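A.B. asks: With the hints as extra help, turn the sequences into a complete structure.
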Amino acid sequence: MSIYDTLNKEQKEAVLHTDGPLLILAGAGSGKTRVLTHRIAYLIDEIGVNPWNILAITFTNKAAGEMRDRVNKLVGFGAEQIWVSTFHSTCVRILRRHIDKLGYENNFTIYDTDDQKTVMKEICKRLNIDTKEIKERTLLNAISNAKNELIGPVEYELKSMGDFSRKKYVLVYKEYQAVLRKNNALDFDDLIMKCVELFKSSSEILNNYQERFRYIMVDEYQDTNTAQFELVRLLSDKYRNLCVVGDDDQSIYKFRGANIRNILDYEKFYPEAKVIRLEQNYRSTQSILDAANAVIKNNENRKDKTLWSSRESGSKIHFRQFDTAYDEAEYIADDICAKVRKGGNRYGDCAVLYRTNAQARLLEERMVAEGIPYDVVGGVNFYARKEIKDVLAYMKTVDNGRDDVAVKRILNIPRRGIGSTTVQKVTDYAEMLDISFYEGLKDADEIMTLNARTAGMIAPFVTLIQTFRSKLPEYGITNLIRDILEKTKYEEYLKDQYEEEAEDRINNIEELINKAVAYEESNDAPNLSEFLEEIALVADIDNVENDGNQVLLLTLHSAKGLEFPVVYLSGMEDGLFPGYMAITSGDPTDIEEERRLAYVGITRAMDDLTLCYAKTRMQRGETQYNPISRFVREVPAELTDYTIPGVIKITEEKETPKAADPRPKAILRPKATPKAEKPYIAQGISGLNQLTGLSKGAAVSILGELSYGEGDTISHVKYGEGTVIKIEKDPRDYKVTVDFVKAGQKIMYASFAKLKRL
DNA sequence: CACAGGTCTCTTTTT
DNA sequence: GAGACCTGTG
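In our numbering, the protein residues as written are 1 to 758.
Source of the hints: derived by calculation from the structure; they are not laboratory data. It is possible that some hints are incorrect.
Calculated pairs, DSS-like style, for lysine-lysine (alpha carbon to alpha carbon, straight line, at most 25 Å) [claimed, not checked]:
#	residue 1	residue 2
1	K135	K182
2	K274	K12
3	K182	K167
4	K200	K12
5	K615	K316
6	K305	K487
7	K735	K756
8	K389	K125
9	K125	K101
10	K73	K9
11	K316	K274
12	K200	K174
13	K487	K386
14	K268	K297
15	K101	K121
16	K168	K117
17	K342	K268
18	K117	K425
19	K408	K182
20	K117	K73
21	K167	K117
22	K182	K425
23	K125	K408
24	K268	K305
25	K167	K200
26	K268	K254
27	K274	K9
28	K117	K174
29	K254	K305
30	K238	K200
31	K73	K101
32	K135	K101
What follows is a set of in silico ranges between Cβ atoms, one per label pair, in the way DEER data are often shown [what the hints assert, rightly or not]:
#	residue 1	residue 2	range
33	A518	L433	55 to 61 Å
34	D496	Y326	31 to 37 Å
35	T131	V275	44 to 50 Å
36	T427	F255	31 to 37 Å
37	D69	A384	55 to 61 Å
38	E279	D19	22 to 28 Å
Predicted model only: the values in this text are computed from it and were never measured. We put the beta carbon where it would ideally sit given N, CA and C, even for glycine.
C.D. replies: See below:
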């Protein structure tokens, strides 16, 4: 019996079809990753394809990692040679080798959304564009859209000829691109676009990669944009072994340029394509699938398919209605508690999904209050946190002095007495000589407009950077970070600026150091540019561990590709989900996209699904009264355990009856006792989030008495148990050195660490 | 130049 | 409700 006998008929067919274009329409939970991994194994083991010739592209590093692990288990040999990576990392890898052909330096930096905004702000200032009239975001979105459609500044100008309203956009796009080039930087969209440009400009390079990647597989194909499609098309053009897997019903990234036509029209691009549908779902109960099917069939633009399961119908879908969003959060927390206490589920089985990140806060507070371990995915990307960006900006400056954005960011952090006037003068000077801002700083004492005192404040900064640079080769990345922190007294700066929050932020930096250590350990030739690039391409979801025993809080978007035994969809309200924007835009495809999001949400659930609705909720500082989400109403009443007003046609009963609240309050509220001592909550897998709410007020008074001494055994929120090695008094606080059983030695401030004697 | 205190705007969703 | 932005003061 071979590994392929475990596949169903369609899956097997997909695995065995190795040559020529192949479209696998894989419904949610239909085992598409299984198919992809088995297909790779089959290509290598049975067809004799060299692993080196296989390219598998995913959207997130997490998906790539999982795929690689699973292929490793299937293929005896050579799996590490398969190129499994995301669109963005694939392109970076290629561009690092060849981008000099396009006039960039190979150690280019990658700009995230934050950096883009900084650049745009400056451009608007220079071009006298009122950012109240046209927001930076709007301009950046326009540029992003253009890039996703492979429209460069020149084509953009041609296309906008005669359109007066576009004039500013044309100017801005050109300028923006010029600044990026000057800074030797690429934004996310550039990564794809430049790669395509490279292939189009050099048939030799293209041919090289075509020969290399004879078998190409693309996961989540419904989320590809035009540029990504073109990239894949070019790469596969010679051998035409392009296998794409996707589900048009799960296309949820239109806002990011995803072009659903890529999957809907695949057979038009590739008339010879074989199409295989995977409709058997191995994940969810039949009730959950019925609900998902019922909702999604309201969409016009889709390839018809119907998921079915061999599983039993299972319990009904729960619909719960609440007066406020607080009640909703409380119910969810209580319900999770109850499920865990009953012993049927672990915390890690449960996930709460929501439409907007802002909804996380309330849920988070409730989790904290009830002592439920949880992890929030997303919100502010770990690498987008201020403290992390500061440190990274130092590193970028050391690595590539051409990145003006990075240099300007840290020039006055911590305070060096260099303000905006000085920055402006140096900028002008640098512009005049057409050199980078950093080069300008080096010349500070030659800049006429600067007085000697100011120039004298700049000099130590330049020396600092130069010293880092000269030391880098001998001491490596980890020591560079430590050195930066030490020389700039960065931690003290954080303590000054952020008081209680500083501890979290310092922990975040510690986390960054851990990443650096891991990177240096796993690489034979570690290099700063490469490390920075790896970091630039990390998504929040990449850091989530599924096996953790904690409730996961995440957006519907982040939840794609995941599954959980117990799922709560919170905020099922028209105006929130579907969002206000989609409802009012007048474009019916916007609602369809939201509906696909609902479909994604529902199909994450394996056994138990709860839809939650709150009559009132605070949205951007205002109390909103939203009606029940239309998507809830699209779920057939017989599948739910509660009669949703308006779903069953009870003859014109207009008013929602009082009895509408289905919640048996008495049972579901094991009172939260705020004063009782709750066990501290293990925070996230790697402490990527902060404890909001908890950190306030709970701090030990500064310089008060400590409840522990040297030699005592204590426990820490994140690091667990440890022994106090040393306590030092510092002007502001006690500095405690602890040797943790699991995490090793750490130095922390008593007022933040909240250590508890055991 | 730094900082405090006020006003304004805003979010879907993310590589 | 928070963060970004502006303004006035020392």
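A.B. asks: Hint by hint, which ones does the structure fall short of?
C.D. replies: The structure breaks hints 4, 6, 9, 11, 15, 17, 20, 25, 31, 32, 33 and 37; every other hint is satisfied.
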